[in-house]
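Participant: Heads up: the protein sequence lines correspond to chains B and S, in order. Going by our numbering, 448 is the number at position 448 of the first sequence; the sequence numbering is gapless. Take any residue in the second sequence, note its place counting from 1, add 1000, and you have its number in our numbering.
By construction, these hints were calculated from the structure, which means they are not laboratory data. No residue lacks a Cβ here, since even glycine has one placed at the ideal position from N, Cα and C. Hints are not guaranteed to be accurate.
[What the hints assert, rightly or not] The following label-pair restraints were derived from C-beta to C-beta distances:
{"#": "1", "chain 1": "B", "residue 1": "T376", "chain 2": "S", "residue 2": "H1394", "range": "48 to 56 Å"}
{"#": "2", "chain 1": "S", "residue 1": "G1151", "chain 2": "B", "residue 2": "A378", "range": "30 to 38 Å"}
{"#": "3", "chain 1": "B", "residue 1": "R146", "chain 2": "S", "residue 2": "L1410", "range": "25 to 33 Å"}
{"#": "4", "chain 1": "S", "residue 1": "I1044", "chain 2": "B", "residue 2": "R146", "range": "57 to 65 Å"}
[What the hints assert, rightly or not] Subject to a maximum C-alpha distance of 20 Å in a straight line, what follows is the list of computed SDA-like cross-link-like pairs (lysine to any residue):
{"#": "5", "chain 1": "B", "residue 1": "K435", "chain 2": "B", "residue 2": "G57"}
{"#": "6", "chain 1": "B", "residue 1": "K435", "chain 2": "S", "residue 2": "F1453"}
{"#": "7", "chain 1": "B", "residue 1": "K435", "chain 2": "S", "residue 2": "V1003"}
{"#": "8", "chain 1": "B", "residue 1": "K15", "chain 2": "B", "residue 2": "G57"}
{"#": "9", "chain 1": "B", "residue 1": "K435", "chain 2": "S", "residue 2": "L1450"}
{"#": "10", "chain 1": "B", "residue 1": "K435", "chain 2": "S", "residue 2": "R1112"}
{"#": "11", "chain 1": "S", "residue 1": "K1128", "chain 2": "B", "residue 2": "T23"}
{"#": "12", "chain 1": "S", "residue 1": "K1128", "chain 2": "S", "residue 2": "V1186"}
{"#": "13", "chain 1": "B", "residue 1": "K435", "chain 2": "B", "residue 2": "T23"}
{"#": "14", "chain 1": "S", "residue 1": "K1128", "chain 2": "S", "residue 2": "D1067"}
{"#": "15", "chain 1": "B", "residue 1": "K435", "chain 2": "S", "residue 2": "D1067"}
{"#": "16", "chain 1": "S", "residue 1": "K1091", "chain 2": "S", "residue 2": "L1382"}
{"#": "17", "chain 1": "B", "residue 1": "K435", "chain 2": "S", "residue 2": "M1001"}
{"#": "18", "chain 1": "S", "residue 1": "K1091", "chain 2": "S", "residue 2": "N1057"}
{"#": "19", "chain 1": "B", "residue 1": "K435", "chain 2": "S", "residue 2": "R1002"}
{"#": "20", "chain 1": "S", "residue 1": "K1128", "chain 2": "B", "residue 2": "G127"}
{"#": "21", "chain 1": "B", "residue 1": "K435", "chain 2": "S", "residue 2": "P1071"}
{"#": "22", "chain 1": "B", "residue 1": "K435", "chain 2": "S", "residue 2": "D1452"}
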Amino acid sequence: MGILATLSIAAQSLKNQQVGIQTVGHNIANASTPGFSRQRVELVTEYPSFEGGVFLGQGSNVAGVQRVVDRFVEAELLTLNRDVGTAEAEHQALAAIQEVFPTTGGIDAALSAFFGALSDLANNPGGLAERVSVIGKANALGENLRQVRELLTSAQRNLDDELESITNRVNLLTEQIATLNGQINFSEASGAEANDFRDQRQTRIQELVRLTGATVREEADGQVTVVSNGLLLVSGQRAATLDSSTFNGAGFRQVTFQSPDGLTFDATTLFQTGKIGALLDMRDNHIQGIIDRLDQIAVTLVNTVNAQHALGFDLNGAAGSDFFTAIPAVAGAAAVVRMNPALASDPRLIAAASSATAVPGDNRNALALGNLRSVTHASLGNLTLQDGFLALVGDLGSQVESAQMSLDFRQSLLTQTQARRESASGVNIDEEMTKLILFQRAFEASSLLVRTADAMYGALIEMTR
Amino acid sequence: MRVTSQMLGIQVNDGLARAYQRLARAQEVVTSGRRINHVADDPIGATRAMDLRSFENAVAQYGRNIDNTSPFLRQADSVFDDVVKGLTRTKELTVQMANDVYSPVERRAAAREVRQIFEHLLSVANTKVENRFLFGGFINGTVPFTETASGVNYLGDNGEIRIQTNATSTLPINFLGNEVFQGAGVTGGQGIFDILRDLEALLNGQSAPNDMSLAVNLDDAIAAGAGFTPVDAVGTEAPAATFNGAADFSTTVTVFDSKGTGHDLTFLFAKTGATTYKYRVVANSAEITGGTPGNLYQVAPEGTLEFNPGGTLNAGASTLTDITMIGLVNGAANITVAAADLSFAGSTQLAQPSAVLTLNQTNVNGYAAQLGRIDAAIDQMLTFRAEAGARMNHAQLAGDSLEVLRLRTLGERSRIEDADVLAAYSDFARLQSAFDAALKSASQVLRPSLLDFLR
């Protein structure tokens, strides 16, 4: 008891209010920092002293500065980030190739125009204009097929390039998380929580999960272990690296895993979710599947047209040669659909007749060629060329549609969960202002207390003079 | 629930982004006028619309094909009309000239008119449509009909130029000249040019061509002396034992008398040696004055035909008797088939157990015969004209149904693919006002803070 004690309480209080104001300031300064969790000063009353039969309060003390975090929401955010990462990459890849198949003027229109030109040729089998038109339409069809296949391949290449930047990013993130693990471990040895380091680490973990679909476990020492489908990406202060500089047989990047111990192996198939998993799936299965089907359509077109063309006779009375350049293998077929150069440069060589002696009036082979429009093919699942192509486009459309829906759904879930996180951990300026006023007023009151104690001291000193 | 400023920010951003996205999509629908702008907008609808569009293309193509048939069929119709007119005029002339009151000079004048008609019909038979012969089949480099000393030759082929009228059916647009003008493959078919040439010769007083050629393939595998079953006995006359007929060894020949009436005669052949045959000519009872119905009568005695090993007639060894058909009294003139008129030059002996007989007989006499042929030719032409009409009808109907199909397809595609303009506009307006409201409310919510009141 005494003036000194009062002064001591006031001094402590001034200090406490300053801590409060500083924390408010920290919160306000980070109001828009992503991943920041607001912090709260834990003020507790000092142990009272027992004097003269009464407990006398000894003021307040700062017990700690805590970050406000909802652990459950944080965990949920990780899962959602993984799902959104997957859905985002799927949608991005599919939407890009969707534009390769426009709803008007695509391969279907080129096919239709090609068969139309053959029909026109049947109407006037001797006409040079009709023959030139067939060549033009056949060239356009080949060009269209080649271009679409090229665009699909370049879509695969784009995904491949993205894979490289993603693995680089993953390496950076695992490194940073490992470093932060160390800092948190070191800082928390004293028992106080390393708030800002944890926030930083959480932000990086979220991104890493989004990219790799990894799962995260926090150890007792505050460090996290990040595992993606059995691959140990981060363990304590050690980080694994991913490398995408080796290529597989098809010329695409493989994802090579390098553990901190130097163990290296191809982990391409181990990534099944997250952005990497989705990119690989799109590249190797979906887009490749579409390319394979396009190749099948191309090879069916070329073989059927060539077979029918060979049955006919050209204007010189010679048997029809290959209409399109023959295609040796199904793989890559659409990339090499080209009219036979000999035919393309001499329209007289188109075999419109079924008899060598009845040229140029005979139109039977031209009719038969035009009729290929409605011939079904076992290799296309008993569909016509046109329907085979439309089935392909329809399937792609459905995939894009469902990817869009899945992305929308997951995105809105993520947004809602982010809002829930913000609700718990975000900074409310009004709240901080109110706290600021409270701390300020308390500070003012504490300083008044100092002045009062000072005056009391003064009075005492005056008394003794 | 605790609300923070960043949370408001996230919500506002998210909401505005979504509203903007919806607005952009509505805008796309309004500007393009189409409900489906990407396949994913409606995968089923989009592929259906693409399918319908290519079907529309095909239908348009079929329409163009059908339009293409019109000049050919119309031209054919007008050619048939010309031919019928020409033949009708020829018939008038023939009826007129059949009267004995006309002098040879007048007949020769008529012959010149017939020649003109012949020339005209020959030129229309060589009609070209769009640089293609209408009656030449597929052959385009050679004129289909040319006149030679012995008649008119057809140089075209049997090619039918077919045009696709829908996915499964085709329509021929040309007519085959050998069918139309020469009666090839037509039951009772008439050679129009032959009629006119015969008539011209008749009017010019030249003897009508009397060539009768009979080609017989005789079977040398049959043992010499082998006869045929007595069931085939000829008529009431008891035939020689070695002279029984068999169906394969007989043929029927129609000869015309001077009035143009046809008479059916039957030639019977039987093998009597390795290279010797006997023949006889028999006639049906109807051809014989006073004949018993159902009986056949021999109208010429049998003779022996001897063939060289190569199949040609060994004239020296054969005993050919003149076949004078006295019994055939059916009009003013008797029918005489001279032995020399029987040509076996084309015959070959085949080592096959059958005897194939082909007969080419154009023995035509008299005006009445020509009249009969002209009538048959006019019928033949009218049949083809009806066929042309039917094809035009077919084309017309196919075109009409394609038009209906086209409109229906167009409507269906529009229903699937096109935006309901009113709905699209009202959607757009609704989304726009929603977006405006979102913007306004966002600016209201985000602005105030305690700071505004602490000043």
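Participant: Among all the numbered hints in the text so far, which are the ones the structure does not match?
Facilitator: 1, 2, 4, 5, 10, 11, 12, 15, 18, 21
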